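Protein chains: 6
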Amino acid sequence: MNDQKRHEYALNKLGQIDSEAAKKLIDSMQDISPDLARYAIDFPFGEIFTRPGLDLKSRELINVAALTALGNAVTQLKFHINGALNVGCTRTEITETIIQMAIYSGFPSALNGMMAAKEVFKMQDSED
Amino acid sequence: MNDQKRHEYALNKLGQIDSEAAKKLIDSMQDISPDLARYAIDFPFGEIFTRPGLDLKSRELINVAALTALGNAVTQLKFHINGALNVGCTRTEITETIIQMAIYSGFPSALNGMMAAKEVFKMQDSED
Amino acid sequence: MNDQKRHEYALNKLGQIDSEAAKKLIDSMQDISPDLARYAIDFPFGEIFTRPGLDLKSRELINVAALTALGNAVTQLKFHINGALNVGCTRTEITETIIQMAIYSGFPSALNGMMAAKEVFKMQDSED
Amino acid sequence: MNDQKRHEYALNKLGQIDSEAAKKLIDSMQDISPDLARYAIDFPFGEIFTRPGLDLKSRELINVAALTALGNAVTQLKFHINGALNVGCTRTEITETIIQMAIYSGFPSALNGMMAAKEVFKMQDSED
Amino acid sequence: MNDQKRHEYALNKLGQIDSEAAKKLIDSMQDISPDLARYAIDFPFGEIFTRPGLDLKSRELINVAALTALGNAVTQLKFHINGALNVGCTRTEITETIIQMAIYSGFPSALNGMMAAKEVFKMQDSED
Amino acid sequence: MNDQKRHEYALNKLGQIDSEAAKKLIDSMQDISPDLARYAIDFPFGEIFTRPGLDLKSRELINVAALTALGNAVTQLKFHINGALNVGCTRTEITETIIQMAIYSGFPSALNGMMAAKEVFKMQDSED
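Chains as they are written, first to last, in my numbering: chain A, 1 to 128; chain B, 1 to 128; chain C, 1 to 128; chain D, 1 to 128; chain E, 1 to 128; chain F, 1 to 128.
A short, non-exhaustive set of chain B residues, derived as facing chain A with CB atoms under 10 angstroms: (1) Pro52; (2) His80; (3) Tyr104.
It is worth saying that the hints were derived from the structure and are not from the lab.
Note that the structure is predicted; figures quoted are calculated from it, not measured.
Just so you know, even glycine gets a beta-carbon here, dropped at the ideal spot from N, CA and C.
All chains, full assembly: derive it from the sequences and hints.
Here's what the structure looks like:
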């Protein structure tokens with residue numbers, strides 16, 4: 001695979017998760033580090049998310065889990081909560097994932113993750 | 001629900017994941033803090049894992065994700081890799097989950113998670 | 001103990017720490033995950049904080065320490081700084097706890113913890 | 001205060017916590033970075049632990065809490081569990097501190113902290 | 001060295017990195033914990049940054065790296081991005097440092113670090 | 001750039017840092033996840049380390065800083081301490097980097113990082 005092909009795969013996969021995400025990411029990095037935007041699109045979505053062996057819904061749930069547990073990247077957590085919904089996860093699957101993190105990374109991480117979910121759900125509701 | 005009921009539910013659920021886990025955990029805490037063993041069994045497995053809305057396979061995959069990402073609890077990570085296999089996750093679903101963590105918590109966490117998976121898979125192979 | 005009893009114990013204990021906390025937590029989770037609010041009240045305050053062997057002042061100081069060190073849950077840190085004051089810790093005990101974290105989790109975590117304390121102290125002063 | 005005075009205060013304070021700790025730390029850093037050993041003795045024990053406003057028992061309990069929660073420095077955690085006992089904390093105060101961390105940093109961190117306590121208690125028993 | 005001498009060295013060194021930093025830090029801690037401000041100035045800048053063996057530019061780049069990787073102290077990260085520029089690091093050296101953290105602590109930490117850099121660069125541009 | 005080209009660049013760059021590292025990494029992942037080994041070689045060393053704008057010595061020092069601060073990947077920390085020496089960093093630059101982390105992530109992380117450096121230096125001495 002060459003870089004151009006990977007980038008196309010990445011944009012296509014990312015489009016399934018959030019159709020405006022690539023544009024937003026590229027815009028935010030435009031005048032500081034376009035290369036980081038490119039890496040952050042091409043490696044995750046062009047290499048990893050396109051792999052067989054784990055469906056896209058599961059891939060998004062494990063992201064919600066990991067980012068809730070780490071607890072220091074709320075922007076990315078909201079992005080993947082939104083993405084999880086877009087690829088077909090139910091709101092219940094997402095809130096169950098976040099509740100379960102109370103066991104592994106503590107109640108504060110779960111409560112903060114749930115506040116992020118609340119904002120994303122509200123945003124989606126207001127768009128309907 | 002009363003405490004005794006919750007404990008029974010927890011032992012039953014934990015038995016589906018790893019039939020010897022409850023005994024091992026109780027033994028390890030026997031002479032230091034039996035109460036912590038009890039909490040660590042009853043709350044996760046009696047309250048959370050018995051909830052509807054997310055199947056047991058997904059619950060174990062998100063644990064593998066979170067513990068790989070946190071990177072500081074290898075004993076528990078191995079327990080849940082083993083548990084994931086026991087509840088029907090494929091080895092590929094587990095390794096895909098771990099690979100994906102490279103994106104969110106970095107390559108060292110993914111490589112260390114994979115070494116944990118390697119040990120668990122080898123142990124299961126030697127038991128066959 | 002049954003769930004209802006635990007919940008009563010929890011509300012009572014939580015009331016000693018912050019009389020409006022239970023209501024605020026339940027409200028914030030109302031339309032997203034009332035169950036997480038229930039767990040976040042019942043397990044910590046109905047099971048753990050009611051245990052003998054460590055007084056409530058010490059329990060709150062070690063929370064301030066842990067949340068300052070972890071550095072990724074400022075809402076919960078402020079709650080427990082406020083709670084520490086309410087159960088009888090002095091401002092000095094709290095600031096000494098936070099200063100000491102500079103040793104174990106670095107100066108940034110201590111400085112950010114102190115800014116949280118500053119806000120809580122100011123809020124309490126304005127209420128007097 | 002000058003450096004020599006601070007070092008004397010530090011050695012004296014550290015001697016109250018663990019009479020061989022200073023020697024062990026200095027020895028371990030001897031051929032790699034004696035300066036780091038000096039900083040790791042003088043700043044914590046010469047500046048912070050000698051401050052009024054928080055008693056030595058509380059200072060050691062909050063260290064046990066923070067190091068259990070952080071979960072990535074087991075050597076230092078054991079040192080402070082041992083130190084907590086030496087300055088008069090009961091075993092129960094220590095195990096209660098560790099149990100409580102399950103709430104704030106998750107069960108794996110609490111279980112691993114408890115295993116550290118188990119080893120320290122056993123070591124102290126074998127010395128009697 | 002005595003405390004007064006260390007403080008003078010610290011203020012001098014800190015002045016090379018950010019001429020207003022000491023004042024801002026002291027002001028922010030004024031009515032809550034002047035001692036923490038003093039420690040946060042004297043130990044880092046009076047003891048460590050004045051050591052030979054590593055030039056000031058490298059010292060600032062490794063701070064940018066560590067604070068980007070830890071991901072939970074954005075105020076301090078911005079301070080050291082600004083400081084890195086002030087002691088002669090290029091914008092490219094800073095953005096390369098942040099990009100590289102994607103490997104070790106994941107893409108979210110690198111993207112958030114880059115947003116911090118973007119704000120600092122913009123602030124410096126508006127001052128010109 | 002196509003994948004094969006990137007892999008060649010990566011092996012070449014990694015060879016400058018540690019001539020046996022690629023082989024060891026590939027071997028360790030051989031029977032569990034060869035793809036992760038490939039990603040862990042190609043993205044870091046084929047994309048990032050080959051970028052202009054930051055010299056290889058600085059790239060290795062910032063890795064030592066970040067991995068010392070994170071404190072949960074000692075294998076990778078030792079690899080980059082060894083790599084830092086191989087690309088021309090002095091032992092002093094490495095120990096200064098580690099000492100400085102005491103400020104940002106606490107003394108335990110710095111002491112544990114220094115123990116890693118001690119082992120690597122000893123290993124290099126025994127090979128001479």
